[in-house]
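Enquirer: So the chains spell out like this:
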Amino acid sequence: VTTIPIEALRAKKSNFVRDEHRYHDFQEELAALERSGEIVVQKITGDYVECPTKYGRPKRIQKGHLWHHKSCGQCGHIPGYSTSIFWVMRQLGYDYNDPTDQTSCTAWNYYASATSNAAAQACVAVRNFAAANETGYFPMIHCGTSYGHYKEVRHELIAHPELRADVRKVLGKLGKEIVLPEEIMHYSEWFYAMRHEIAAKQVRDLSNIAVTVHPACHYYKLVEGDAIFDPDVYGGQRTAVVTGLAQALGSEVRDYSTWFDCCGFGFRHILVQRDFTRSFSTLRKIERMKEEADPDVVLTHDTGCVTTLDKSQFAAQAHDRNVGVAVLSEAQFAALAMGAHPYKVVQLHWHSANYKPMLEKMGIDHEQAWAEFQLELKRLERGEKKYLDWDDMD
Amino acid sequence: MGTPSMLPSPTFKRRDVAGYPDVPIEEKQRLFDEVKSDIRYNDYMYGCYECGICVAACPSAKFYDFSPRRIAQAAGREDVELIYQQMQEDIWECSQCFSCLRCPRGNNPGGIITIMREVSLNNGLASAKEALGGYSRIIYKIMSTGTQVSPDMLQRDAFPDWGPETGDVSDNLDLWRRALPSETLHTTSTGWDVAERTLVELYLIWLNTGALDMISEIDRGLHSILQEIMEERLEDEGIEL
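Those protein sequence lines, which keep their order, are chains D and E. So for the first sequence, the numbering used here puts the first residue at 724; every next one is plus one. So for the second sequence, the numbering used here puts the first residue at 7; every next one is plus one.
Isolated chain D, as found in the complex (with noise of 0.2 Å):
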């Protein structure tokens, strides 16, 4: 009888060995490209944090004075992803740009409905990138698809020669020139990087939350060799992204079967063909988490898989199925961890699934957050304010 011979393939997992040479150093490349004078490349300042990527380049995070690419989705439907990420930044002290000069990176479109090409990316992608170097603050990609199409958008530029003649002369009609930065940087690596800062200010309690992590697609599969990967997380076989972060803040980590697959967004699919993106998500991930580690919140760490994994539940519930689950960025988690309001920065109400459970184990009083929350809205329609403001936050 042929059996799998499982411990010795998890022995040669456990010693991990990377192969520098799998990855080519662009880094090299965009320094060249910059001598002869064809791109920009804008440069790490002030402090950083050097974190290990999938096969060895170490990969340095800047602490401060940082850019915020905003995402769509996350500024459109979950709103209280951007404003935890911009919270949990000033609680520690550090700076930072939220720009008007910035578009959308499109590429939800070009994956959707392919109404892009090359060279229109390209030019989006350099024209975002030429205006955070104006300011001088460095760009941190708040959105994982944002991030992975950069990526590859850095791979073809580098590649193509005619590539950047056709982007310089496109960026010459707006004045600016070719600029990349460094290093592309997601926020979830930025989290990552300073998990350690974030759990010395934390002040609830996590370590009776149980959480499952789904990895974004977009984050360490396209371009896989720039993402985060810590041998000390997972043996280094899987990103370390959110759960390093989790783990820093004491929650338990649960594993379950299917944390490769994507979670059934498809761009199109969950405007268009939403059938799909509910099936896939329900039976293939919360249904698989719910039964092999029964979590208390899913945490992820791109626009489209909160959104999916959190709004597919509602019509599952209707036929039964074993859903139920609360679903967080870990922006989120780290900063109800840091003591953030619930509702006033989280902003937890614009979720679907049930997320008052992990509040009550968390210790917070929801019903009294939301009356909180009540009395602020109250003093906005008397016309008291007309915004509220991050003094109002605390």
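In short, the hints are calculated from the structure, not lab data. Only a predicted model underlies this, so the values are computations on that prediction, with no experimental measurement involved. Beta carbons are placed, not taken as given, at the ideal position from N, Cα and C, and that holds for glycine. You may find that some hints are simply not true.
[As the list claims (entries may be wrong)] One side of the interface only, derived from the structure: several residues of chain D facing chain E at Cβ under 10 Å:
no.	residue
1	Asp-824
2	Gln-825
3	Ala-841
4	Ala-854
5	Glu-879
6	Glu-885
7	Lys-899
8	Gly-987
9	Ser-1035
10	Gln-1036
11	His-1072
12	Trp-1093
[Said to hold, decoys possible] Derived list of chain D stretches under chain E, where covered just means 3 residues or more per stretch with a C-beta under 8 Å from a C-beta of chain E:
no.	segment
13	783-796
14	941-950
15	992-1001
16	1078-1089
Given chain D's structure and the hints, the job is docking chain E onto it.
Expert: Frame of chain D; chain E shown alone:
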């Protein structure tokens, strides 16, 4: 190579039930040549072991009659008959998650599909028109505002399956947006506040890269509206095209 269109075939549907027109082999070759000539193609296609790892990883393969392996195989063999069929029947099922990048050969079936979709669009293929039939409003939003999805999209009738919270957002939208502490997020028709000058720059990109013209074959009305909006804005700024 390929199957004569009028003969019964275990591989291809009869043309009268396929739902799209047959075209001469030369036209199929031309469409594939357009795919193959894209600068991204050589980074996406190296050759297929037929191991099926991409299929095992693919979410769409679990719910549709869809296979990223067939995409890579057809491209590798340059089977223009099959590639034409895939452009008409298969490519819009892909989730674009890029789980297929697990390919040990370094193929990118999802990337090949991205290019095939663009070529379908540029040539006004029936599948592109059908797949994007309900998508015009989304294309309008991204091209005209520079942001993809907006808070005011969250309406009960648009997302009835997302639960009653969608209606709560819609009912309280203006107030809830004003309660956000970030100054850039007080908007309701865009995800965040995009500067006027930034929008002008985006329009110049759409117009100068041919991206706007890509929709002319699938939705002439939308193309005309967007063109008018962009040209008017540029004219106001004193920019000549």
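Enquirer: All hints are to be evaluated individually against the structure, with a verdict given for each.
Expert: Going through the hints against the structure:
1. Asp-824: 5 Å, holds
2. Gln-825: 7 Å, holds
3. Ala-841: 6 Å, holds
4. Ala-854: Interface hint status for Ala-854/D: holds (7 Å vs cutoff 10 Å).
5. Glu-879: 7 Å, holds
6. Glu-885: 7 Å, holds
7. Lys-899: 8 Å, holds
8. Gly-987: Hint holds; Gly-987/D Cβ to chain E Cβ min 6 Å, cut 10 Å.
9. Ser-1035: 8 Å, holds
10. Gln-1036: 8 Å, holds
11. His-1072: Hint holds; His-1072/D Cβ to chain E Cβ min 7 Å, cut 10 Å.
12. Trp-1093: Constraint on Trp-1093/D not satisfied, violated at 12 Å.
13. 783-796: holds (count 4)
14. 941-950: holds (count 4)
15. 992-1001: Contact hint for the segment 992-1001 of chain D vs chain E: holds, 6 residues under 8 Å.
16. 1078-1089: violated (count 0)
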